[in-house]
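Trainee: Sequence:
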Amino acid sequence: MCNCIFCKIIQKEIKADIVSETENLIAIRDVNPQAPVHVLVIPKKHIASLNEFEKSDEYLIAEANILARKIAKSEGISESGYRLVLNTNSAAGQSVFHIHWHILGGREMTWPPG
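Residue numbers for the sequence shown follow the numbering used here, so the first one is 391 and each next one is one higher.
Don't take every hint at face value.
Said to hold, decoys possible - In silico SDA-like cross-links for lysine to any residue, where the CA-CA straight-line distance does not exceed 25 Å:
(1) Lys445 x Val486
(2) Lys463 x Pro426
(3) Lys463 x Pro503
(4) Lys463 x Glu411
(5) Lys402 x Glu465
(6) Lys434 x Gln401
(7) Lys463 x Glu413
(8) Lys434 x Glu465
Unchecked claim - Quick list of simulated restraints, FRET-style, between CB atoms:
(9) Ala481 x Glu413: 27 to 37 Å
(10) Val475 x Glu411: 12 to 22 Å
(11) Asp407 x Leu476: 17 to 27 Å
(12) Lys402 x Thr500: 31 to 41 Å
(13) Gly496 x Lys405: 30 to 40 Å
(14) Gly471 x Asn393: 30 to 40 Å
(15) Ser446 x Pro502: 17 to 27 Å
(16) Pro502 x Glu469: 21 to 31 Å
(17) Ser485 x Phe443: 17 to 27 Å
(18) Asn393 x Thr500: 30 to 40 Å
For the record, the hints were derived by calculation from the structure and aren't laboratory data.
Ideal Cβ placement from N, Cα and C applies to all residues, glycine included.
With these hints in hand, go ahead and build the complete structure from the sequences.
Mentor: Right, here's the structure in full:
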């Protein structure tokens, strides 16, 4: 069994504000939001980062993007715009080593990002 914080959230050992849940994914509000809407889409399968992603896991990319789109719509940011971010490793800002996508919206996004 995995001992990471996201695995504990998935196992319901740690409480989180769950936005959506499917057979393969869970979406929660970020505890340190960087935008008015900041939701994390997390595979239930522990994969440390995109670098550890296997071909057999590719279905998760499509499912995560589809779920992100649905959440953006339900959060009211699909029309104004939102950003979907996947950080890989420390220098890119990954702080929890369980792959996850950030849905950010509800404010103007700048480019390039931080």
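Trainee: A separate judgement is required for each hint: does it hold in the structure or not?
Mentor: Cross-check of the supplied hints:
1. Lys445 x Val486: 22 Å, holds
2. Lys463 x Pro426: Since the Cα atoms of Lys463 and Pro426 sit roughly 14 Å apart, the hinted pair holds (cutoff 25 Å).
3. Lys463 x Pro503: Measuring from Cα to Cα gives roughly 23 Å; hence the hint holds.
4. Lys463 x Glu411: OK: Lys463 and Glu411 at ~16 Å, within 25 Å.
5. Lys402 x Glu465: Distance ~24 Å between Lys402 and Glu465 Cα, so the pair holds.
6. Lys434 x Gln401: At roughly 9 Å apart (the allowed maximum being 25 Å), Gln401 and Lys434 satisfy the hint.
7. Lys463 x Glu413: Holds: Lys463 and Glu413 sit about 20 Å apart, inside 25 Å.
8. Lys434 x Glu465: Status holds; Cα separation ~22 Å.
9. Ala481 x Glu413: 27 to 37 Å: For Glu413 against Ala481, whose Cβ atoms are near 33 Å apart, the range 27 to 37 Å holds.
10. Val475 x Glu411: 12 to 22 Å: Hint holds: Cβ distance 21 Å, inside 12 to 22 Å.
11. Asp407 x Leu476: 17 to 27 Å: 21 Å, holds
12. Lys402 x Thr500: 31 to 41 Å: 37 Å, holds
13. Gly496 x Lys405: 30 to 40 Å: The hinted range 30 to 40 Å is violated for Gly496 and Lys405, with Cβ atoms some 24 Å apart.
14. Gly471 x Asn393: 30 to 40 Å: 37 Å, holds
15. Ser446 x Pro502: 17 to 27 Å: Since Ser446 and Pro502 have Cβ atoms about 33 Å apart, the given range 17 to 27 Å is violated.
16. Pro502 x Glu469: 21 to 31 Å: 24 Å, holds
17. Ser485 x Phe443: 17 to 27 Å: Roughly 18 Å apart at Cβ, these two residues keep to the hinted range, so it holds.
18. Asn393 x Thr500: 30 to 40 Å: 36 Å, holds
In this structure, the earlier hints numbered 13 and 15 are contradicted, and the remaining ones agree with it.
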